[in-house]
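There are 2 protein chains.
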Amino acid sequence: MKSVVFLSGGIDSTVTLAIALQTSEVHAISFDYGQRHIREIESAIRVAESGRITSHQILPVPLFRFGASTLLKTSPQEPRTEAASGLADTYVPARNTVMIALAAAYADSIGASTIWVGANADDYEGYPDCRPQYFEAFNLTLERGTVSKPTIQTPLVNLKKAEIVGLGDEYGVDFSNTWSCYNPKGDFHCGQCDSCRLRKSAFRDAGVTDPTLYAT
Amino acid sequence: MKSVVFLSGGIDSTVTLAIALQTSEVHAISFDYGQRHIREIESAIRVAESGRITSHQILPVPLFRFGASTLLKTSPQEPRTEAASGLADTYVPARNTVMIALAAAYADSIGASTIWVGANADDYEGYPDCRPQYFEAFNLTLERGTVSKPTIQTPLVNLKKAEIVGLGDEYGVDFSNTWSCYNPKGDFHCGQCDSCRLRKSAFRDAGVTDPTLYAT
Numbered sequence: 001m002k003s004v005v006f007l008s009g010g011i012d013s014t015v016t017l018a019i020a021l022q023t024s025e026v027h028a029i030s031f032d033y034g035q036r037h038i039r040e041i042e043s044a045i046r047v048a049e050s051g052r053i054t055s056h057q058i059l060p061v062p063l064f065r066f067g068a069s070t071l072l073k074t075s076p077q078e079p080r081t082e083a084a085s086g087l088a089d090t091y092v093p094a095r096n097t098v099m100i101a102l103a104a105a106y107a108d109s110i111g112a113s114t115i116w117v118g119a120n121a122d123d124y125e126g127y128p129d130c131r132p133q134y135f136e137a138f139n140l141t142l143e144r145g146t147v148s149k150p151t152i153q154t155p156l157v158n159l160k161k162a163e164i165v166g167l168g169d170e171y172g173v174d175f176s177n178t179w180s181c182y183n184p185k186g187d188f189h190c191g192q193c194d195s196c197r198l199r200k201s202a203f204r205d206a207g208v209t210d211p212t213l214y215a216t
Numbered sequence: 001m002k003s004v005v006f007l008s009g010g011i012d013s014t015v016t017l018a019i020a021l022q023t024s025e026v027h028a029i030s031f032d033y034g035q036r037h038i039r040e041i042e043s044a045i046r047v048a049e050s051g052r053i054t055s056h057q058i059l060p061v062p063l064f065r066f067g068a069s070t071l072l073k074t075s076p077q078e079p080r081t082e083a084a085s086g087l088a089d090t091y092v093p094a095r096n097t098v099m100i101a102l103a104a105a106y107a108d109s110i111g112a113s114t115i116w117v118g119a120n121a122d123d124y125e126g127y128p129d130c131r132p133q134y135f136e137a138f139n140l141t142l143e144r145g146t147v148s149k150p151t152i153q154t155p156l157v158n159l160k161k162a163e164i165v166g167l168g169d170e171y172g173v174d175f176s177n178t179w180s181c182y183n184p185k186g187d188f189h190c191g192q193c194d195s196c197r198l199r200k201s202a203f204r205d206a207g208v209t210d211p212t213l214y215a216t
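As you go down the protein sequences, you meet chains S and F in turn.
Here the first sequence is numbered in this note's numbering, starting from 1 and rising by one per residue.
Here the second sequence is numbered in this note's numbering, starting from 1 and rising by one per residue.
It is possible that some hints are incorrect.
Copies of the same chain look alike in the list, so a pair counts if it fits in one copy or across any two.
Straight-line Cα separation of at most 20 Å, SDA-like style, residue types lysine to any residue; simulated pairs [stated by the list, open to error]: (1) 2 x 200; (2) 185 x 42; (3) 149 x 109; (4) 149 x 126; (5) 2 x 169; (6) 185 x 123; (7) 149 x 132; (8) 149 x 110; (9) 185 x 41; (10) 2 x 206; (11) 160 x 198; (12) 149 x 133.
Hints in this document: simulated from the structure, not taken from any laboratory.
Using the sequences and the accompanying hints, generate a full structural model.
Rendered as structure tokens:
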């Protein structure tokens, strides 16, 4: 059974990859959408090289032309370092919709039956395109609009980051290959942005050794 | 009210544009997805320049990396010239899904409430991503997964090509700017491919003068 796995190089997609590898032949896909932290693509390549995947491709996506999100390198602002409520300033309009659409095109081309996406419970509030009812609707869209009718699987969608780290640890994931930081300092995570803070506390709460190099 | 209009340079999208212009500020979007008939993008530019649209952009989409469709220039085969039943050999996997996703990203960025797509009744059989129930499911996806919750409008979805030509004629559409041919001979339509045959018969059945230059 073939599957397509979103691989961003972060913890969530890396753990999702480990799960997908249990049952399927994995074709990984990463996206260069003009993100500020291009460093994550390097991590995606490292993760892919360390896994037993069948293929890995990196697709350019012209989202940067639209973006107001601080995650995009075209934004004059850096992402906020404090947690905020409501819509995240790192929201990239319809990002998951675009990525899932491209993954569906790929899946429909190679006859893959599953698209694995590492969305999780921490993303609910800030990102409408990370919620279970969104993925349900998209599955219906793909059932009606493609030939191979791939289904989106989100095994982490009800898990918090600490639970995901714990699960990845059970699967033997090497977290040193993964990347989370929005404001990298070379090969170091900044240790202060939203994403770094979430990463730090996830390892601590999971009781798993954190192999990350933090600048602070 | 802002809207995003798919503009391929063909008859359907050009008539849809004329309808959208009645009620909204139009931001047109065209896609360079590696199609064999790149000539259609030139036509999209001509149509855009002749209309009262607010902006027009052409987005590169990396669909050609996946494609088995004869519509893609990476295919060794030319499109068939005879009508076929079942899935069209010109089917590009999940093409509309990818294009609508990108249009949604754009709409969500500029706060547009509508995405206009020129799908029509002739496309039902060969293209699963041109059917009303597909667009319904995608609307639900966008309602759940975006901030501006744009809705897809398909005013031609129940019309045959001849009816669309008739409707465009009522709106004063200049059909000489539009393009249909899969196998262009310079600035001439080949006159023989599926798409040219459909175009010819549509003008004839609609009783509208056909301004197209055909090679045969």
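Hints versus structure:
Within a single copy, residue 2 and residue 200 get their C-alpha atoms no closer than 34 Å, and across copies no closer than 43 Å, so neither meets the 20 Å cut-off. In this assembly of identical chains, the alpha carbons of residue 185 and residue 42 lie at most 20 Å apart only when taken from the same copy (14 Å versus 45 Å across copies). Within a single copy, residue 149 and residue 109 get their C-alpha atoms as close as 11 Å, which meets the 20 Å cut-off; across copies the closest is 29 Å, which misses it. Within a single copy, residue 149 and residue 126 get their C-alpha atoms only as close as 29 Å, which misses the 20 Å cut-off; across copies the closest is 16 Å, which meets it.
For the homomeric pair residue 2 and residue 169, neither the shortest alpha-carbon distance inside one copy (25 Å) nor that between copies (48 Å) is at most 20 Å. In this homomeric assembly, residue 185 and residue 123 never come within 20 Å of each other (Cα to Cα): the closest approach is 24 Å inside a single copy and 52 Å across copies. When the C-alpha separation of residue 149 and residue 132 is checked against a cutoff of 20 Å, the pair qualifies both within a copy, at 18 Å, and between copies, at 17 Å. For the identical chains of this complex, residue 149 and residue 110 are intra-copy neighbours only, at 12 Å inside a copy versus 31 Å across copies, given an alpha-carbon limit of 20 Å.
Within a single copy, residue 185 and residue 41 get their C-alpha atoms as close as 15 Å, which meets the 20 Å cut-off; across copies the closest is 42 Å, which misses it. Taking CA atoms no more than 20 Å apart as the test, residue 2 paired with residue 206 passes in neither setting, with 32 Å inside one copy and 47 Å between copies. Only within a single protomer do residue 160 and residue 198 lie at most 20 Å apart by alpha-carbon distance; the minimum there is 10 Å, versus 54 Å between protomers. Taking CA atoms no more than 20 Å apart as the test, residue 149 paired with residue 133 passes in both settings, with 18 Å inside one copy and 15 Å between copies.
In this structure, the hints that do not hold are numbers 1, 5, 6 and 10, in rising order.
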